[in-house]
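Peer 1: Please take these sequences and the hints and turn them into a complete structure.
Going line by line, the protein sequences match chains A and B. First residue of the first sequence: 279, per this note's numbering; consecutive thereafter. First residue of the second sequence: 106, per this note's numbering; consecutive thereafter.
Worth double-checking, as some hints may not be accurate.
Covered stretches of chain B, as calculated for chain A (at least 3 residues, CB under 8 Å) [said to hold, decoys possible]:
1. 119-132
2. 184-198
Now the in silico label distances, taken between C-beta atoms and shown as ranges [claimed, not checked]:
3. A:392 to B:309: 57 to 67 Å
4. A:584 to B:108: 48 to 58 Å
5. B:330 to A:296: 54 to 64 Å
6. B:311 to A:350: 42 to 52 Å
Because the hints were derived from the structure by calculation, they are not lab data. C-beta atoms are modelled at their ideal positions from N, C-alpha and C, and glycine is treated no differently.
The chain contents come next:
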Amino acid sequence: METPDRAIVVEGLERSFGEVLAVQGVDLEVEEGEIYGFLGPNGAGKTTTVRMLTTLLLPTGGSATVAGHDVAREARAVRASIGVALQEAALDPLMTGRELIRLQATLQGLPGGEGRRRADDLLERVDLADAADRRVGTYSGGMQRRLDLAAALVHEPRVLFLDEPTTGLDPVSRKTIWEEVRALNDEGTTVFLTTQYLEEADQLADNVGIIDRGRIVAEGTPESLKAEVGNPHIQLQLAEGSIAEAEEVCARVGKLLPPRDARTVLVEVENGAADIPRAVRALDEAGIAVESLELVRPTLDDVFVNKTGHHIEKGKTGEDEGEGADREPVEA
Amino acid sequence: MSELAKNARVVRALGMRSIRQTFRRPQLMAPILVFPTLLLAIQTGGAGSAVDLPGFPPVQGFLQFMLAGAMMQSLMLAGNSGGIALAVDIEMGFTDRLFSAPIPRFTIVLGRLAGTAALGLLASLWFLAIGLIFGAEIHSGVLAALIAVFLVTSTAMAVGAIGAAIALRTGSASVVQGLFPLVLVVLFLSSAFFPNDLMIQPAKTIAEYNPLSFVVEGIRGPIISPVDATEELEAVAAIAGIVALGLLLSARALRHRLRVG
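Peer 2: In structure tokens form, the structure reads like this:
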């Protein structure tokens, strides 16, 4: 089935391991040139889905095409069109970075000279030129991920699969990978990115599919998904004075939400940050002293909680709901 | 570039990686050259008078007799090491890199076997050199050396195919490593280290039918006596049998691995 404007088309994809149905009828579409964030907690079925889309695992039901080729019937054509960087950077610690990229070039059928040139260019691109002749086992986690990414790019793939590319990385390394992913996407590469990090999906993805227990529970742009949950709200902490008076003033700016405690006012606003100046002016005119004020936006975790009843990131429970919220602090 | 040439390039590249991997990991290299060399030295030094036993084949010295056994031990452990290295690749996810490349999947196994064969070649040259340095006579000269190189290299590949099959099936380096004693048992139940005529039952019968005995005799024959075509054909047939079994098991194990992911 040729679908030139769709890089990935998945219909009713299933995979079972004995009695366990790891992926249960996943449907999704990824357009050419977009970054698709596949978000879900550990064990949700992200990696199993990616392994099927990259032809490493045969589906037990449904169908999928990648770059216009069926993953089950035209596996080799799929493999020629994709780059893959899997969750555990699949690197040989005894090889040097340069050897690995050159081997990858050979695997992708690049002639020797071109393979060597591509290897040099890519090592330069991911800032590993100086470490190219060191064994991979001596690389830091961030360097290994960058090398894995470079290897996946050696044949300039149409579709790039990144399975949790920043898991376990420090913030600086994570940012470096994000910048590289954005740059690749700007050059026209379609990126299918699995992640368990909300911020990663929010920052990078044009569209997000949220998977839980083998099923897609929500799909759309990060903004549209968050908008489904509700408007942002202003959360203000009073320095002194009565909460009743503050609530009366804030009710003119937006819709009051039940207060969390005796010193905090929550007001839902329609225009987000644009409503903050109005709130500040109204409070100032009423002579109410505010200790802090912040705009709290719904997050993808709120979307996940809304759809599944539990949080996406490890260590969060229903009781600490709101901690994953995306806050914009404003000094009062 | 034709499909065949492309595949040959892939096999060569994977074979080169396999050789580099062995040289860079001492625990893979040691069983291939160090252990058999030590065993050869100990046996030759300690049991040299065995050649005087009635029924022992006529040889110039015990080292001349033992060279084939040392080569067999080396190639068997090379096959086992190749299996361990493949299992390590599976454990660390490196095979996913290979399986997600647009290459026929049999080239992945052939690449590994090419590396094992190269190590077999190295082992045969190493022990021929040791034999010559320490005074062993190579009775049929260059032809004996060429036959030894051919048989050792091809047997290494055949045994490597069985190692690869076990690695693909189990995906566990410790399981493949656990076969190390079994490899030695199979080898000791052949004529690698002792003439078949001097063995007692049931080892004698087992050794008589052990395919490795045919290979050993095929290597040893031209070293200690004139070339016997029948002996060499039996060795080639035994290797062909091991190759066929190894490739069949590897193909099935590869299909299994791709099915279970």
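Peer 1: For every hint, state whether the structure bears it out.
Peer 2: Here is how each hint holds up against the structure:
1. 119-132: holds (count 6)
2. 184-198: holds (count 3)
3. A:392 to B:309: 57 to 67 Å: Because 60 Å falls inside the window, the suggested range holds.
4. A:584 to B:108: 48 to 58 Å: 52 Å, holds
5. B:330 to A:296: 54 to 64 Å: At roughly 58 Å between Cβ atoms, residue 296 of chain A and residue 330 of chain B fall inside 54 to 64 Å, so the hint holds.
6. B:311 to A:350: 42 to 52 Å: 47 Å, holds
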